[in-house]
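There are 2 protein chains.
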Amino acid sequence: MKIALCQLNYIVGDIEGNADKILKAYNKSVADGADIALFSELAICGYPPQDLLDYSHFIERCWQAILDLANHTKDTALILGCPINSHLDLGKKLYNAAIVLYQGEVKDIFAKTLLPTYNIFDEYRYFEPNQKFKLYEFKSFKIAITICEDLWDIDEPKLYKSSPMSSLKALGPDLILNLSGSPFSYNHIENRRNLLQQNALKYELPVFYVNQIGANTDLLFDGGSMFINQDGNICEELAYFSEDYRLIDWQPKSEFEGDSHHYMNDDIELIYKALKMGITDYFKKSGFSKAILGLSGGIDSAVVLALSADALGNDNVLPVMLPSKYSSDHSVGDSEILCQNLGIDAKKIAIQEAVNSIENLLTPMFSNTQINEAEENIQARTRGILLMAISNKFGNILLNTTNKSEAAVGYGTLYGDMCGGISVLGDVYKTQVYELARYINRAKEIIPQNILTKAPSAELRPDQKDSDSLPDYAMLDKILHHYIESQLGPKAIIELGFEESLVKKIIKMVDRNEYKRFQIPPILRVSDKAFGVGRQMPVVGKING
Amino acid sequence: MKIALCQLNYIVGDIEGNADKILKAYNKSVADGADIALFSELAICGYPPQDLLDYSHFIERCWQAILDLANHTKDTALILGCPINSHLDLGKKLYNAAIVLYQGEVKDIFAKTLLPTYNIFDEYRYFEPNQKFKLYEFKSFKIAITICEDLWDIDEPKLYKSSPMSSLKALGPDLILNLSGSPFSYNHIENRRNLLQQNALKYELPVFYVNQIGANTDLLFDGGSMFINQDGNICEELAYFSEDYRLIDWQPKSEFEGDSHHYMNDDIELIYKALKMGITDYFKKSGFSKAILGLSGGIDSAVVLALSADALGNDNVLPVMLPSKYSSDHSVGDSEILCQNLGIDAKKIAIQEAVNSIENLLTPMFSNTQINEAEENIQARTRGILLMAISNKFGNILLNTTNKSEAAVGYGTLYGDMCGGISVLGDVYKTQVYELARYINRAKEIIPQNILTKAPSAELRPDQKDSDSLPDYAMLDKILHHYIESQLGPKAIIELGFEESLVKKIIKMVDRNEYKRFQIPPILRVSDKAFGVGRQMPVVGKING
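Quick mapping for you: the protein sequence lines, in order, are chains A and B. At position 41 of the first sequence (counting the first as 1) the number is 41 in my numbering, and the numbers step up by one without a gap. At position 125 of the second sequence (counting the first as 1) the number is 125 in my numbering, and the numbers step up by one without a gap.
Please note that a few of the clues may not be correct.
In this list, chains with the same sequence are indistinguishable; a pair is considered to hold if it fits within one copy or across any two.
[As the list claims (entries may be wrong)] No more than 20 Å apart at the CA atoms, straight line, and that leaves these computed lysine to aspartate or glutamate pairs for EDC-like: (1) Lys508 to Asp14; (2) Lys284 to Glu204; (3) Lys202 to Asp249; (4) Lys161 to Glu128; (5) Lys516 to Asp315; (6) Lys444 to Glu353; (7) Lys107 to Glu373; (8) Lys134 to Asp174; (9) Lys21 to Glu336; (10) Lys169 to Glu269; (11) Lys393 to Glu376; (12) Lys508 to Asp472; (13) Lys491 to Glu60; (14) Lys348 to Glu445; (15) Lys21 to Glu500; (16) Lys478 to Glu236; (17) Lys347 to Glu359.
These aren't lab readings, by the way, just hints derived from the structure by calculation.
With the sequences and hints as input, model every part of the structure.
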């Protein structure tokens, strides 16, 4: 039995384009003599299609594409994911299905049983769970066809009352196929490998696993499709962050060399690659090629510049320095060195004249008031206007440079430095941004050392430092991680040994700034718990009393 | 049997504050000799608590408040909603529960069976459905305790495989209680009444229904708690859009005067009241009292000013006129008359000086380019900066004035007129905005007639009219309604008789502007399908090919 694992990058909703890609990979697998060409979950429409699934014409278009693909199939079975009508009198209208196309026909359909509905997943919003279990019999083999979460009920406590693979095992399968749409997070790769290995061992069956790659707005899919033999060894592992294809020649008794898999255990390298893919696909899939960003002289914009230059090409990134009267000399100087190191021309626009003229207009209302964040925000928003004007004029998409620590505590200006089409670092804590900078500098100095060593500052008033308003980032990021990723309450965090008043202050800042995060651009997700659809908190309300 | 319907306005997450409110109403019901005091779904934490439910300390705090409340109970049962641990080995960690407190103890717990997970609902994200059915036996009566959606399986096709009320009916109940968290939309009130009447008739049982009122950010809850006798007559109906309380003295054989219910079938009156409550609660629940808005001379900002003055009081609303060189004389003149009619002082800041100075800074880059939306957006964003600066200086929250038609087709400037803490009209089509204006003028002219009759214009270039870029709003809004609310595809809309190229153009505009709507403020929801959490579409992707 030869099984081709086809790991592709789909565009959500681009049914015809996705079908073309699928057909090309299928034809290659036919030429290679494959018995089965296996594709990922909801491949025909890309994952996640979100509320496109509510439109019946969209479901019909998916099905038409399936019928067209079926017409091209011969003696190699094509197995792919597609949303289909459930035709139920009771229950949701759709199934999240795996479709088997073979010899010109739709041969069989298998629906997903376990529908993840937590964090970034909302599948029960659309789909009815499968409740009938059967195998696919093909060329003397009995195949258990499962879809992503169907294999994710190994760990205790179990989230689901049904265990599809236990039900299927009772029917005596020879192998497991899994069509997946499993998004990246930097500690998810090992979890996923372990999970699939545990399935192989528990059911004493080989697992053929296909994931998609590519970024769909905020969600990043890393691929890493694999073949695991029934001893739980990862015998073949496909690429991470790029399309890949592998033909597995498998027989029940055949031996495989184990451990061919990619070791990528460095979180920062993973995050770098994920963010790069996120930028690339955001532009490619929305039909843009050129980016713009404000270069402050700080670490965040330096890292975003280096990342986006790598993702889009030097010629496609326009850095703009926007100094005000509070900008230090090194802000411009360091930025210039950074651009030289990257071989990128930057623009420079001194903003003070515009800031003054806005402040002049406000003099009648602001006379006799104290200087406060109003004046600071005018500077940040003037930069926002200028960057967006250039974006609107030349079609460059503005990259947002807010990091996760800032987004968490609201240390940023709405409509100012929080502008942008996509947030590159909104799921990367400040301490991780420094690690990214060191990773970028691993071969030679690209980001000037001074940017790495100087004290972070928003430079919106004289001699301002982040540390005036915020605790040390090393401490801040730890507390934020406990609160956001680990979902601990203030009491539990204090019990870990953190200072009570500091914990309460930080949590209050996080809670009070939900309104700012509501309007932040989509954030490239690299952690288990990113701001965005995976963390839905009340904007108005009392979160911790 | 005397049952007190307690319809209250809760703050999400304010467990102690909500418990105090509940206790006050409970004590009143005790004084009135009630046997049961009935409260709404998840009353203890307010509905919807969103991902606060993921925090175990939050669930513990809810439970502690329940125990504290139990201590206050005597011979009147207190029945209220609370999230509780499911303590299951398999399945989600929580139930959405109704708790019975009586004579100092937690007497019984009933979990919700049907968990809405569509549109604005995501309850399966958090809760395990109940699968065991029992009645609550109290003072010789058998009571079916249900939670909101549990009664919503009357219509075909049925969304659920389980029918809790059918299971409960088999146990021989005497009456139905329903604890609800049912948000407003302008055509939902009649649906809800009909649904509850159908339940009474189908099961031949009286229905005691309690909903919450108040706005929780975008979601507006309208109340309308009611008592329906077993003949399906609405015998008592509580207020809409305000807290209310009613003691029902019910005996199995007693006669009731039917039809005491409030007739409010005018969509526009409903929308007006809902928006007013939305504004009031947004400010009150987030601890602010003062609003600011830009007054353009157009219909949208005029309606928002009138609404917010009604909601917050004249002294709490600061309208600011921000004319540019393209603003017509009538824009300022009409706005001044509007403010006079309302008795509100407005500020005026001519923005041209700031616009010029921003454009000057861009001259080196923009020379030899065509004027395009870049220049238009500079004006809109300069207004945004000025309004936000005043907001930051004096603590007035900026009201967004974008209407649903504009939000749909992207006719607005991100970080310009799309700024704000809350979007008042983002779920109100332009044609409905005119109806709102006529409703506001029903007793006397508040919004000057000229604002109602002049052609809509963004006034960002000479002699600009909305009709330069957009079809007539009457036509636009119809097509948008078919696409957004009715979820019809382009083909189906064209088949209704609309012009093909127009339909395709409009749908393309809607699809392409998902990125703008991603960053719009929370929108007060008045329709079945508002932009926001109830409509989740891909930002990057091909939506209709």
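Quick one: Lys284 to Glu204, C-alpha cut-off 20 Å, is that within a copy, between copies, both, or neither?
neither (42 Å within a copy, 60 Å between copies)
Between the shortest in-copy and the shortest cross-copy C-alpha distance, which are at most 20 Å for Lys161 and Glu128: within, between, both, or neither?
For Lys161 and Glu128, both the intra-copy (15 Å) and inter-copy (10 Å) Cα distances are at most 20 Å.
Is it within a copy, between copies, both, or neither that the alpha carbon of Lys21 lies no farther than 20 Å from that of Glu500?
The answer is neither: 55 Å in one copy and 30 Å across copies each exceed 20 Å.
Classify it for me, Lys478 with Glu236: is the Cα-Cα distance of at most 20 Å met within a copy, between copies, both or neither?
Neither, since 37 Å and 55 Å both go past 20 Å.
Which holds for Lys134 with Asp174 at a C-alpha limit of 20 Å: within a copy, between copies, both or neither?
within (13 Å within a copy, 44 Å between copies)
Pop the pair Lys21 and Glu336 into one bin, within, between, both or neither, using alpha-carbon distances up to 20 Å.
neither (43 Å within a copy, 60 Å between copies)
Homo-oligomer pair classification [Glu353, Lys444; C-alpha up to 20 Å]
Neither way: Lys444 and Glu353 sit 38 Å apart in one copy and 47 Å across, limit 20 Å.
Lys516 and Asp315: within-copy, between-copy, both or neither at 20 Å Cα
neither (33 Å within a copy, 26 Å between copies)
Within, between, both or neither, where Lys491 and Glu60 count as close if Cα-Cα is 20 Å or less
between (52 Å within a copy, 12 Å between copies)
With identical chains treated as interchangeable, where does the CA-CA distance between Lys393 and Glu376 reach 20 Å or less: within a copy, between copies, both, or neither?
Classified as between: cross-chain Cα gap 11 Å, same-chain 26 Å, threshold 20 Å.
For Lys169 and Glu269, with the copy left unspecified, which applies at a CA distance of at most 20 Å: within, between, both, or neither?
neither (38 Å within a copy, 60 Å between copies)
Should Lys107 paired with Glu373 be assigned to within, between, both, or neither, using CA atoms and 20 Å as the limit?
neither (65 Å within a copy, 53 Å between copies)
In terms of the numbered hints stated before, the structure departs from hints 2, 3, 5, 6, 7, 9, 10, 14, 15, 16, listed from lowest to highest.
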